[in-house]
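Build out the structure end to end from the sequences listed, making use of the hints.
2 protein chains.
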Amino acid sequence: MSISPKAALLEEYALIARALSAPARLSILEQLAQAPRGVEGLAEKTGLTLANCSQHLQHLRRAGLVTSRRDGKAVIYRLTDATTLGLMDLLRMVAERNLAEVARILRGLSDGEDPPEPVSRAELAARLAEGSVTVLDVRPADEYAAGHIPGALNTTLATLEQFLPTLSPDARIVAYCRGPYCVYAHQAVAALRRQGFDARRMEGGLPEWRADGRPVFQGTDEPLSAGPAR
Amino acid sequence: MSISPKAALLEEYALIARALSAPARLSILEQLAQAPRGVEGLAEKTGLTLANCSQHLQHLRRAGLVTSRRDGKAVIYRLTDATTLGLMDLLRMVAERNLAEVARILRGLSDGEDPPEPVSRAELAARLAEGSVTVLDVRPADEYAAGHIPGALNTTLATLEQFLPTLSPDARIVAYCRGPYCVYAHQAVAALRRQGFDARRMEGGLPEWRADGRPVFQGTDEPLSAGPAR
DNA sequence: AGATCAATCAAGTGATTGATTGAATCATAT
DNA sequence: ATATGATTCAATCAATCACTTGATTGATCT
Chain A
1 MSISPKAALL EEYALIARAL SAPARLSILE QLAQAPRGVE GLAEKTGLTL
51 ANCSQHLQHL RRAGLVTSRR DGKAVIYRLT DATTLGLMDL LRMVAERNLA
101 EVARILRGLS DGEDPPEPVS RAELAARLAE GSVTVLDVRP ADEYAAGHIP
151 GALNTTLATL EQFLPTLSPD ARIVAYCRGP YCVYAHQAVA ALRRQGFDAR
201 RMEGGLPEWR ADGRPVFQGT DEPLSAGPAR
Chain B
1 MSISPKAALL EEYALIARAL SAPARLSILE QLAQAPRGVE GLAEKTGLTL
51 ANCSQHLQHL RRAGLVTSRR DGKAVIYRLT DATTLGLMDL LRMVAERNLA
101 EVARILRGLS DGEDPPEPVS RAELAARLAE GSVTVLDVRP ADEYAAGHIP
151 GALNTTLATL EQFLPTLSPD ARIVAYCRGP YCVYAHQAVA ALRRQGFDAR
201 RMEGGLPEWR ADGRPVFQGT DEPLSAGPAR
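Residue numbers (the working numbering), protein chains in the order written: chain A, 1 to 230; chain B, 1 to 230.
I should point out that these hints are in silico values taken from the structure, not numbers from a laboratory.
As the structure is a computational prediction, the values presented were derived from the model and not from experiment.
Don't take every hint at face value.
No copy is singled out in the list; a pair is fine if it fits within one copy or between any two copies.
Below, a list of computed lysine to aspartate or glutamate pairs in the EDC-like style, where the Cα atoms sit at most 20 Å apart [unchecked claim]:
id, residue 1, residue 2
1, 6, 44
2, 6, 101
3, 45, 142
4, 6, 96
5, 6, 89
Structure (C-alpha cells):
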C-alpha cells in the first residue's frame with residue numbers, strides 16, 4: 001500500500017462514476033429500477049448481447065450499484081438501494097440544467113411546443129383519490145404487470161392510436177413511464193395533445209412513485225385495466 | 001440525426017458521469033468547492049501538469065459541471081452550481097455503504113479505533129454560539145484565508161504537533177476540512193485523540209457549511225485565528 | 001450420469017482515454 | 001508592434017474499454 005488513502009478513496013469514488021459512464025449501463029439501471037430481472041431479460045430489454053450485458057452487470061456490481069442472487073439457474077440482479085436512483089436523478093438534473101444539447105433534445109420530443117408543467121406525484125395521488133383523472137402507464141405490458149399505479153391504464157406508444165377512441169374526449173390524462181430517463185411519457189403526451197386531449201406528464205416514473213411509499217398494484221387483472229377499458 | 005432521442009439523452013447523462021470518473025477530476029472539483037481558481041493554481045493544488053489540468057477542466061466544462069470566465073490573462077473556473085456537490089456526495093454515500101474497500105480505508109484512517117460520531121453542522125453552530133467548542137480548520141492556509149468558519153483556528157496535519165501545546169487539555173475540539181472527500185479532518189481527529197484530546201469531526205466540510213447558508217469569514221486577521229492563539 | 005439452460009469467463013479487436021511534450025492563442029503591459 | 005504570461009491546442013503513446021466470439025462453469029431436470 002504505497003498510495004495515499006486519499007488517492008485510494010478518490011479511485012473508489014471514480015469507480016462508481018465510471019460505472020455510470022456508459023449509456024448501456026444507464027439503460028440497464030433504468031430497467032432494474034422497474035423490477036429485478038435476470039441477465040437474459042435485461043439483455044433483451046436493452047438490446048445488448050448476453051455476454052455483453054453480463055459484463056456490464058459486473059461493472060455495476062463492482063461499483064456496488066447492483067446486487068445479485070441466484071434463483072435456480074437464473075441470476076437475478078436488482079438495485080442495491082434507492083441511493084442509486086438518486087444518483088441517476090442528479091445526473092439528469094445537472095444535464096437538464098447545464099447542457100444545451102439536452103434541452104434541445106427534450107424540446108424535440110414535444111414537437112417544439114412548450115410542454116405543460118409535469119404533475120407532481122403528490123398532486124396525482126390527490127386527484128386519483130377524488131377520481132378526477134385518467135392515468136396512463138406508457139410502458140411495455142410486462143413492466144406494467146410487474147407493478148403500476150393502481151387504476152392506471154396500460155398502453156404503449158405503438159398502440160396509442162388504437163387506444164385513443166376508448167378515451168373520453170374531455171378526459172384529463174396524466175401519463176407516466178419508467179422514470180425521468182424515459183421519454184415514452186413525453187412522447188405520449190405530445191401525441192395526445194396533437195389530438196386535442198388534455199394530457200400532462202407525471203413527474204418521475206414508477207420507481208419514484210414507489211420510492212415515495214405510494215401504493216403499487218401488481219398483475220393485470222385489475223378491473224380498471226383489463227383490456228382497453230374506457 | 002439517425003439515433004433515437006432516448007439514446008442521445010443517455011449519451012449526455014453518461015458524459016456527465018464520465019466527467020466524474022477520473023480521480024484527478026474529482027480532486028479538481030473538491031478544490032473548486034473550496035473557492036474558484038485559475039488553471040495554474042488548480043494544477044499546483046492537485047499535482048497535475050498545467051496542460052493536463054487544463055484538459056481535465058475542459059472535460060468538466062463540457063459536462064456542465066464547471067464554468068469559466070476570463071479575468072485578465074487568467075481563466076477562473078468555478079463550480080456551475082451546488083448540484084455538483086450533491087452528485088459528489090451521493091457518490092461518496094454509495095461508496096461508503098456498498099464498497100468494502102472504502103470501509104477498510106476509512107477504518108485505516110483512525111488507526112482501527114472506532115471514530116466518534118461526527119458532529120452535525122447544526123450542532124456545531126449551536127455550540128459555537130454558546131462558546132463551548134474549539135473549532136479547528138485543517139486545511140492549507142490559503143484555503144483557510146479564502147473562507148472559514150468564524151472563530152475557527154487554522155492548522156495543518158504537518159504543523160498539528162506544534163499546535164497542540166497551545167490548546168487547553170480539556171478543550172472540546174471539532175475539526176473540519178475540505179469536505180466529505182477530504183481525509184484531513186479524519187486524520188487530525190485521530191492524532192488528537194491519541195494525545196488524549198476530546199476531538200470529533202464536523203460532518204461535511206466548508207463547502208457544505210457554506211451551502212447551508214451559514215456565516216463564513218474571509219481573511220486571516222480575525223482576532224481568534226491570528227497566530228497560534230490559545 | 002448425462003443433457004440442458006443460464007450465466008460467466010477468456011481472448012482478441014477497434015476505439016477511446018489520460019498523460020506528455022511542444023507549438024499556438026489570447027489578453028495585457030511595455 | 002512586440003513581448004510576456006496564462007491557457008489551450010495538437011500530436012503522440014501506452015493503457016483501458018466496449019463489444020464480439022467461443023469455451024466453461026453451475027444448477028437443474030430426466
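Checklist entry - How would you classify residue 45 and residue 142 at a CA-CA limit of 20 Å: within, between, both, or neither? => result Classified as within; 11 Å inside a copy, 52 Å across copies.
Next on the checklist: Checking an output row: residue 6 and residue 101, CA cutoff 20 Å. Within, between, both or neither?
Outcome noted: So residue 6 and residue 101 pass the 20 Å test across copies only (13 Å; inside, 35 Å).
Next on the checklist: Checking an output row: residue 6 and residue 44, CA cutoff 20 Å. Within, between, both or neither?
Outcome noted: between (40 Å within a copy, 17 Å between copies)
Checklist entry - Between the shortest in-copy and the shortest cross-copy C-alpha distance, which are at most 20 Å for residue 6 and residue 96: within, between, both, or neither? => result between (31 Å within a copy, 14 Å between copies)
Checklist entry - Is the C-alpha distance from residue 6 to residue 89 at most 20 Å within one copy, between copies, in both cases, or in neither? => result Cα proximity of residue 6 and residue 89: across copies only (15 Å, versus 27 Å in one copy).
In this structure, none of the earlier numbered hints is contradicted; all agree with it.
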